[in-house]
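Undergrad: Fit chain B to the supplied structure of chain A, relying on the hints for placement.
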Amino acid sequence: MNKRNLCSETLFQKAFFEYAKDLKRFLFFKFKDMETAEDILQESFLKLWKNCEKVTYSKVKSYLFTIANNAFLDVKKHEKVVRDYNKSYVEQNKTVSPEFLIIEKEFYTKVERAIASLPPKQREVFIMSKIEKLKYKEIAQKLDISVKAVEKRMHQALKSFKERIDYKI
Amino acid sequence: MKKNYQNIDELFADWMMGKRTDKDIKMLLYEDEFVHFKKLQKSIEIWSELERPLTPEYQKILFKIKKAPSKPKNKIFKLAMRVVIPVAAILLLFFGIEIFNDFNVSIQTAYGEQKNIQLPDGSEVILGSHTSLSYNKKTWQKKRELNLQGQAYFKVTKGQKFLVKTKLGNVQVLGTRFEVVSRKDIFNVICFEGKVAVSSLQNEMVLLPGKAVLIIGNKVQEQTVDNDKPDWFRGESNFENVPLKVVLVELENQYNIRFDTTKIVVNQNFTGSFPHNNLSLALASVFKPLNITYQVKDNVVKLFNRK
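Residue numbers (this note's numbering), protein chains in the order written: chain A, 13 to 181; chain B, 38 to 344.
For reference, chain A alone in the conformation it holds in the complex:
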């Protein structure tokens, strides 16, 4: 299985669901931009499919991350050319407002860990709300509890999240 190339749709799909999330995360922290990360993610997998004959399953991960990293370097090279060209222009735009905060990878890793360590019931509601984008009413229906109870759990989740981040419980 590990020696077979990626030209079968089943294996290609398996590779996608195994590595796409990690690759997206990697790209996001390189580019600091979600849209670019998603574009490059798609390009990387299209490239993988194009070259599927040459890539065995055991090589997929390093292949994908190499493509993605090269794409990053290309973009940066291009940006540098543009930046050098109108240097004086960019320098002026240096106001920092909370809206343009850059989240560092270290900080984000703490956030991830805090969410992962939430008590199961709180975490469940948190995920349904933030990832599945369900409304409180829909969560209430799914879990067979009242809307009030959902709100309470969500509130607890956010509170324990904040505690975990600041006091490292």
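Just so you know, these hints were derived from the structure itself, not from any lab. Every residue gets a Cβ at the ideal spot worked out from N, C-alpha and C, and that includes glycine. Please note: incorrect hints may appear among the correct ones.
In silico DMTMM-like cross-links for lysine to aspartate or glutamate, where the CA-CA straight-line distance does not exceed 20 angstroms [claimed, not checked]:
1. B:Lys300 <-> A:Asp51
2. B:Lys97 <-> A:Glu136
3. A:Lys171 <-> B:Asp46
4. A:Lys171 <-> B:Glu47
5. B:Lys63 <-> A:Asp178
6. A:Lys33 <-> B:Glu273
7. A:Lys117 <-> B:Glu47
8. A:Lys142 <-> B:Glu82
9. B:Lys103 <-> A:Glu175
10. B:Lys97 <-> A:Glu175
11. A:Lys122 <-> B:Glu230
12. A:Lys122 <-> B:Asp61
13. B:Lys76 <-> A:Asp51
Partial list, computed: chain A residues near chain B (C-beta under 7 angstroms) [unchecked claim]:
14. Tyr31
15. Gln54
16. Lys142
17. Lys145
18. Lys149
19. Lys174
TA: Below, chain B without anything else, positioned relative to chain A:
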């Protein structure tokens, strides 16, 4: 915190849930605390974006792959073909067409079409829309084996084992009535009569009458059915609490359309039906109840969540 008005974590939760505005908390917090709140809020947004399922992206990639012309073959292959084709043509001339007729039978249906066929042993197959089926006429008496891609209903006469092979798994029976759907990564087997052995990439199981199994990717879902025949015989498709994705694939294969699901989250379930002879009615009956709006352009249907 400027005043010990309330626990700061409590305040954070209130604010995140929209019970307090930025302006409210700015009055209560020092500047760096406010920035910290904002950073946490943004991190949660990033988290929900990075952790969400990437199924829509996968579909987008598949769509692009399928749309692109078939992959360029390598040079050696091209060169080989330049030799092989003339040689084959000469052989054909000498030995006649006979030897190339290896008794392979292959049958296709177009979008929206259904076809009844009879196999050499008298078993019946009804092919659904956009489906292909092939078998070998010569070896059929010894080995009842056929390849299927798409959707088909089988009524098998009693006899030796009868094997349906698909990309996603195999279905084996002795004599019975059942339906097989194998499209994209969706593998669906429904048993109407007798016993059906299903072996997919994920698992193996035996279905009894009235039972069905729906496998999507590596998720296996068992179902019960109460009708005696597939509902697409009556020119409609019925669904009971199945992932929306299954419905989309079925629509695509019935009407020759493609869905662009990049703007929506496809994780809801659908219960209901759609007709096979009226696209606009079909789209309305699926998406209206789910609160999804859509735009049709050429044969691509773009989906949006209704705001």
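Undergrad: The structure should be examined with respect to each hint, and the outcome stated for every one.
TA: A quick look at each hint next to the structure:
The suggested pairing of Lys300 (chain B) with Asp51 (chain A) holds, with an alpha-carbon distance near 15 angstroms, which does not exceed 20 angstroms. At roughly 29 angstroms between alpha-carbon atoms, Lys97 (chain B) and Glu136 (chain A) are farther apart than 20 angstroms, so this suggested pair is violated. Between Lys171 (chain A) and Asp46 (chain B) the CA atoms are separated by roughly 5 angstroms; this keeps the pair inside 20 angstroms, and the hint holds. Simply put, Lys171 (chain A) and Glu47 (chain B) have alpha-carbon atoms about 6 angstroms apart, close enough for the 20 angstroms limit, and the pair holds.
Of the pairs offered as hints, the one joining Lys63 (chain B) and Asp178 (chain A) holds, with about 19 angstroms between alpha carbons and a cut-off of 20 angstroms not exceeded. Proposed proximity of Lys33 (chain A) and Glu273 (chain B) is contradicted: the alpha carbons are some 37 angstroms apart, above 20 angstroms. A hinted pair counts as satisfied when its Cα atoms are at most 20 angstroms apart, and Lys117 (chain A) with Glu47 (chain B) does not qualify at roughly 26 angstroms. Restraint check for Lys142 (chain A) and Glu82 (chain B): the C-alpha separation of about 8 angstroms stays at or below 20 angstroms, so the hint holds.
Pair hint Lys103 (chain B) plus Glu175 (chain A) does not hold up; C-alpha atoms about 49 angstroms apart against a cutoff of 20 angstroms. The suggested pairing of Lys97 (chain B) with Glu175 (chain A) is violated, with an alpha-carbon distance near 39 angstroms, which exceeds 20 angstroms. At most 20 angstroms may separate the alpha-carbon atoms for a hinted pair to count; Lys122 (chain A) and Glu230 (chain B) exceed this at roughly 56 angstroms. In summary, the hint linking Lys122 (chain A) to Asp61 (chain B) is not supported, as the alpha carbons are separated by about 27 angstroms, beyond the 20 angstroms threshold.
Restraint check for Lys76 (chain B) and Asp51 (chain A): the C-alpha separation of about 25 angstroms exceeds 20 angstroms, so the hint is violated. Restraint check, Tyr31 (chain A) versus chain B: the minimum CB separation of about 10 angstroms is more than 7 angstroms; hint violated. Because the smallest distance between the Cβ of Gln54 (chain A) and any Cβ of chain B comes to about 6 angstroms, under 7 angstroms, the interface hint for this residue holds. For Lys142 (chain A), the interface hint holds, since its Cβ comes within 7 angstroms of a Cβ in chain B; the closest pair sits about 4 angstroms apart.
For Lys145 (chain A), the suggested interface contact is upheld, since its CB lies about 6 angstroms from the closest CB of chain B, less than 7 angstroms. Hint status for Lys149 (chain A): violated, given a least beta-carbon distance of 13 angstroms to chain B, over 7 angstroms. Proximity of Lys174 (chain A) to chain B holds as hinted, the smallest CB-CB distance being about 4 angstroms (cut-off 7 angstroms).
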